[in-house]
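In case you want the letters, here they are:
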Amino acid sequence: MNKIKKLVPGSLAVLLSAVSAPALAAQIPSAMAGQSLRPYWHVFIAYAIAITVVLGWVISIGRRMRQVEERLGE
Amino acid sequence: MSTKGMRRAGTGLAVVGLLGLMFVYWLSFFWVSTEANQGVAQRIFYVHVPAAWTAFLAFGLCALTSAMYLWLRDDRLDRAAVAAAEGGMVFGAIMLTTGPLWGRIAWGTYWTWEPRLTLTLLLWFIFLGYFMVRSSTENPEKGKRFAAVVAIVGALDIPFIHLSVLWFRSLHPQPVVVKPDGPTLPGDMLTTLLTSVAAFTVLFLGLFMLRYALEGLHRELDARARRVAA
Numbered sequence: 001m002n003k004i005k006k007l008v009p010g011s012l013a014v015l016l017s018a019v020s021a022p023a024l025a026a027q028i029p030s031a032m033a034g035q036s037l038r039p040y041w042h043v044f045i046a047y048a049i050a051i052t053v054v055l056g057w058v059i060s061i062g063r064r065m066r067q068v069e070e071r072l073g074e
Numbered sequence: 001m002s003t004k005g006m007r008r009a010g011t012g013l014a015v016v017g018l019l020g021l022m023f024v025y026w027l028s029f030f031w032v033s034t035e036a037n038q039g040v041a042q043r044i045f046y047v048h049v050p051a052a053w054t055a056f057l058a059f060g061l062c063a064l065t066s067a068m069y070l071w072l073r074d075d076r077l078d079r080a081a082v083a084a085a086e087g088g089m090v091f092g093a094i095m096l097t098t099g100p101l102w103g104r105i106a107w108g109t110y111w112t113w114e115p116r117l118t119l120t121l122l123l124w125f126i127f128l129g130y131f132m133v134r135s136s137t138e139n140p141e142k143g144k145r146f147a148a149v150v151a152i153v154g155a156l157d158i159p160f161i162h163l164s165v166l167w168f169r170s171l172h173p174q175p176v177v178v179k180p181d182g183p184t185l186p187g188d189m190l191t192t193l194l195t196s197v198a199a200f201t202v203l204f205l206g207l208f209m210l211r212y213a214l215e216g217l218h219r220e221l222d223a224r225a226r227r228v229a230a
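Order-wise, the sequence lines are chains A and B. Going by the working numbering, the first residue of the first sequence is number 1, and it counts up by one from there. Going by the working numbering, the first residue of the second sequence is number 1, and it counts up by one from there.
One or more of the hints may lead you astray.
Ranges of calculated distance between the beta carbons of each label pair, as one might list FRET restraints [as the list claims (entries may be wrong)]:
no.	chain 1	residue 1	chain 2	residue 2	range
1	B	139	A	40	50 to 56 angstroms
2	B	220	A	59	21 to 27 angstroms
3	B	125	A	60	18 to 24 angstroms
4	B	76	A	72	16 to 22 angstroms
5	B	34	A	72	49 to 55 angstroms
6	A	40	B	225	50 to 56 angstroms
7	A	72	B	191	44 to 50 angstroms
8	A	70	B	111	39 to 45 angstroms
9	B	174	A	70	49 to 55 angstroms
10	B	191	A	70	43 to 49 angstroms
11	B	221	A	38	47 to 53 angstroms
Keep in mind that the hints were calculated from the coordinates and are not lab data. Every residue gets a Cβ at the ideal spot worked out from N, C-alpha and C, and that includes glycine.
Go ahead and model the full structure; you've got the sequences and the hints to work with.
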């Protein structure tokens, strides 16, 4: 029973993707039909990497600062 | 400036830089026109080029403070060098990951061993070596001096990276902004690029100040540990 419960979310995700993909594809303007969506993905990934790396550094500095302050306070 | 003042100024600059970065994202997605030849993929330019500029600024600052450290032996200069080197690694990582994403669309390949790419990757690894050298000696003072030399040698690579597209056949385009007869970018693209360069620079300066303050706290902790041990 537990195994079935674990499989349900994954199966739902696959099913929803299969159903929604044609619907999403139908929304692409006819001028773009035949063009690859790969450039869009690359742009989104590049911008996501930039903000993730910057925020990662911000969080890393903040965490290290807190740790050092805690040790200095001891 | 005291550590507290440095933290306050750094936090303020970092917040302004992050807001600036959000504004750049808005400009890139909703305002700037799409380049005719490369299409939407050219928008990667607005994060890739400013990240590259900031990485070179950081590595250059690290080399400058390292050279001054070797001359004056002031510990604050070494703190600044470490903070700048870490920033260079972070912005260098953005440059080295966004570039191939653009290259795959523009050139049809993620990576090629052309001069500019090779020299930039070499620069990133030299500064990775900077951190390894720092921590590889038993005497921390010796580690600082060795690392300072690595930083100076590494920064010598920066002019070669800039000039490599002029000296060698390269897939990278020729300069479009920094050139003797002025920029050749259309106005809206130049505005977005310069705004992004400003945002990245302010963000770097803010985080550099915070990292410098953190390095100060680390040294305070080390000094206390030494006192306790003595």
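Hints, verified against the model:
At roughly 53 angstroms, the beta carbons of residue 139 of chain B and residue 40 of chain A sit within the given window of 50 to 56 angstroms. For residue 220 of chain B and residue 59 of chain A, the Cβ-Cβ distance of about 22 angstroms falls inside the hinted range of 21 to 27 angstroms, so the restraint holds. Checking the proposed 18 to 24 angstroms range against residue 125 of chain B and residue 60 of chain A shows it holds: the Cβ atoms sit about 21 angstroms from each other. For residue 76 of chain B and residue 72 of chain A, the hinted distance range of 16 to 22 angstroms is satisfied, since their beta carbons lie about 19 angstroms from each other.
For residue 34 of chain B and residue 72 of chain A, the hinted distance range of 49 to 55 angstroms is satisfied, since their beta carbons lie about 52 angstroms from each other. A hinted range of 50 to 56 angstroms holds for the C-beta pair residue 40 of chain A and residue 225 of chain B, which are about 52 angstroms apart. With their beta carbons about 45 angstroms apart, residue 72 of chain A and residue 191 of chain B fall inside the hinted range of 44 to 50 angstroms. For the pair residue 70 of chain A and residue 111 of chain B, the supplied restraint of 39 to 45 angstroms holds, since their beta-carbon distance comes to about 43 angstroms.
For the pair residue 174 of chain B and residue 70 of chain A, the supplied restraint of 49 to 55 angstroms holds, since their beta-carbon distance comes to about 52 angstroms. Between residue 191 of chain B and residue 70 of chain A the Cβ separation comes to about 45 angstroms, which falls inside the hinted range of 43 to 49 angstroms. Checking the proposed 47 to 53 angstroms range against residue 221 of chain B and residue 38 of chain A shows it holds: the Cβ atoms sit about 49 angstroms from each other.
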